[in-house]
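Working from the sequences, and respecting the hints, build out all of it.
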Amino acid sequence: MSDHTWGVLSNQAITAAGVVYFLALLCALVEWSAWQSRARSAVAAKELVGAGAPADETAAEPNAADAVREQRAALFGRLSLLLTAIAVACHFVGLVGRGMAADPNRVPWGNMYEFTISGSFVVAAAYVALHRKLKLAWMAPWVLGFTLVVLMLAVVGLYEPVAPLTEALNSYWLVIHVVAAIIATGGFTLGGIASAAYLLKNRFPDAALLARVPDLPALDRVSYRIHAFAFPVWTFGVLISGPIWAHDAWGSYWNWDPKEVWAFITWVVYAGYLHARATAGWKGKKAAIVALIGLATLWFNFIGINYFSSTSQHSYAAPAAPTAELVETTR
Amino acid sequence: MSSTSAPDQEKNDDVRRPGELNARELARWGWRQLTSMRTALILLLLLALAAVPGSLIPQDGVDSLKADQWREAHTTLTPIYEKLGLFNVYSTPWFAAIYLLLMVSLVGCIIPRCLVYAKAMRAQPPATPAKLTRLPDSASYVTDQEPEEVLAAARKALRGYRIRKADPDGSGDSVSAEKGYLREAGNLIFHMSLIIVLVAFATGSLFGYKGGVIVLVGEEYGFANELSQYDDFKSGSLFAPEDLDDFSFKIDDFHAEWLTSGAGAGTARGFNAKLRYTAGTSDEKRYDLRVNHPLTIGGTDVFLLAHGYAPVITVRDGEGNVAYSGPTIFLPQSRNLLSFGVVKAPYASPEELGFQGLFYPFEGTVDGEPVNLMGDIGDGSHAMLSLQGFRGDLNLDAGPQSVYSLDTSKANMMSPDESGKAFNLRLGDTVELPDGLGSVSFDDVQQWNRVQISKSPGKEWALLGVSLALLGLLGSLFIRSRRVWVRARRVDGGTLVEIAALDRSGGGDTAAVVTDLVETLRGARTQEEKDV
Ligand code: HEM
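Heads up: the protein sequence lines correspond to chains A and B, in order. With our numbering applied, the first sequence covers 1 to 331. With our numbering applied, the second sequence covers 1 to 532.
Since the hints were made in silico from the structure, they are not lab data. None of the values given here were measured: they were computed from a predicted structure. Note that CB positions come from ideal geometry on N, CA and C, so glycine has one too. Do not rely on the hints blindly, as some may be mistaken.
Calculated lysine to any residue pairs in the SDA-like style (CA-CA distance at most 25 Å, straight line) [to be verified]:
| no. | chain 1 | residue 1 | chain 2 | residue 2 |
| --- | --- | --- | --- | --- |
| 1 | A | 133 | B | 479 |
| 2 | A | 286 | B | 49 |
| 3 | A | 201 | B | 512 |
| 4 | B | 250 | B | 286 |
| 5 | A | 133 | B | 250 |
| 6 | A | 286 | B | 37 |
| 7 | B | 250 | B | 284 |
| 8 | A | 286 | A | 173 |
| 9 | B | 119 | A | 275 |
| 10 | A | 286 | B | 288 |
| 11 | B | 285 | B | 226 |
| 12 | B | 274 | B | 258 |
Reference listing, derived: stretches of chain B covered by chain A, where coverage requires no fewer than 3 residues with Cβ under 8 Å from a Cβ of chain A [said to hold, decoys possible]:
| no. | region |
| --- | --- |
| 13 | 38 to 52 |
| 14 | 290 to 299 |
So this is what it looks like as structure tokens:
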């Protein structure tokens, strides 16, 4: 296959992944609404009983309807997971295609478009992988909504044609450093979703809309377990492999470059999250808030710094444009 | 405690004035506050917050040029920012105060925990609490097994746990088990390693240095590691020039591969500078200096950072004398090495002469406009120098000037003819200046490399520190620390078995542990029944 074909394949696979994520999202929403109406009918039934209606008549009907709803929820939940898995596979083909389209072949992490499609891939793939172990089914619409939005933004706003890596990026430390950073980013994002759900559930404990979301202790535990996984990965990516590579490529292992500063800020905030969970009075709600602050710093670093800071050496291979002053001096 | 102990003390010992006591108490209270977990948490968040301005305001230590430009553009804010040290955030006293407090807090927190841990390592698991079923994760069932059988089965099931030796008073109706002792060790190692990292980092920034120099490629040029040879140089406050390692090098040849097709066409990769170096009194050695492959000499690292062209330019003045001659370093403006440079000939007569302009390694014409197609100079047939000429006062008396900029405020522009503004020269060309002021020629092209030389003492320690920290962290996050108790007592109608578990790590699912254990104990029994 020629490089060009790989490039086209990559684009088509990403588009296909987007469409399938969308279908999976629809299924997940159907599942949620089934849970929601079940929660409503449970409340209504309780109220009816409370009002003194003959219990046997009213109770029988919602039960039948509930059974149907439950079946529907389970069916669409499974369908959503299946579609998500298919979309993740397409997404993966899209990533591989990007790397194969470059000459010489390389890892697909040369620019913002590629970082973004890789980051969203890890979020969705981690969701599928941890689905069973951490009982993440409730997360489907959040994860899918997030992945879909990020993927669309990447395709519409960040797309760039395939290009070779610049020399400084041409190092195996790039692979190690970026794999760690992207995996941690995906993990922190999933953990952040759990923390956000925690805050919502904490604020609106009885909302029917949140019927699908597990109870607070379970949310807290899931959030912690994901963060506890992502934190050491981030530590390795940002504070070990990053400086080693920076030493080789730029001549000093820590430069206080804006990207490094924000990676450090993110690290410190997540260390704060882990401390918050161990500190009386900070457990639960406050810890969840700290986790979300951490997530905000993470994504600000990922996207914001590239736009707001011009001094960053991590400007992803953007060539320096000739300044207006210099152009003026010729002809 | 202050409210009760202070009056007590006064009664006992009225020689002492209350003020003294309070000061000591205050200190103790302060120390306890400082080493509390909550303070650590707040200091951590404060550290994160304090690091923010340094990423938004240009820093002298990162990009001093940007910082200067920023100063010029914001005249009202600059004095305030200077006072607050916002151009050097990471070396300001207030930033240091935060991390030093954090470190003191860390030491104050970790040392007592180490002592506690040393004791706990040797201690038995605690005695079984009286009311097991009061614990959040517990279960109980009645069986017709003997209590001893149940407890024996529990001991077997709790493999990997440390089990409390039966109490001497004989009330051995329970098993108390604990595991995950290494978790706290991991936590302690993690926190202590942070101190190693900080000390190593501080050593590097106090004693280290980093400098850059542009070296022309060729036999007759080179670099010797002396302060005066650097183009720019930054060092820590405890650095002394004697710390510079003694070495010198020349760049014999420089090679880059140019991409001629695909999206990266016109850019280079695979840079390779052929270095010859001598360190101290040792023999000359060779090294291929490439990006991502620094050369280490003693404790000093030499890096290849950039490359570019130096057109060889000769300027003759109105009297025919050579007023300027030599390879002139042009600085790249884009990845295809369209480069900008300056020539100053202040001793030309009758008038000072100056030039500034662009060097096109491979010039082509698109829609009638000249553009640079790629950075590869090839055989030089497409190389072009496009210079703007100036005559008159170059303002060199006004003070030091950068060699890369021309002060044209007091000079007049000169044009080759009415139509064009720039002198365009191909390789080998000579162009006459107007009014018999002389000529400028473009004789040859040489290459230069920008090399960074740096030394950061303690970097191995920093690496060791973070690696240890990561190990400790893994231990502290993934080793589960929990206590499990099983009590079996004879009651009416059989043996009452109570099981409870307590998670000490946060995030553990102890309910599952209890359920599993119940299943194992009852399952073991079912198995035995079947066997019988
Ligand atoms: C440089 C600053 C610090 C960083 C980056 C940091 C980071 C961490 C991290 C990541 C953990 C999580 C480990 C776990 O969950 O078991 C932790 C736990 C802990 N930290 Fe720190 N820490 C810092 C400073 C401090 C200070 C100053 C103290 C003491 C006042 C402290 C006391 C503790 C304690 C007691 C734990 C264990 C919590 C538990 O029981 O699970 N830390 N720290």
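Q. Which hint numbers doesn't this structure obey?
A. Hint check: 5, 8, 10 fail, others pass.
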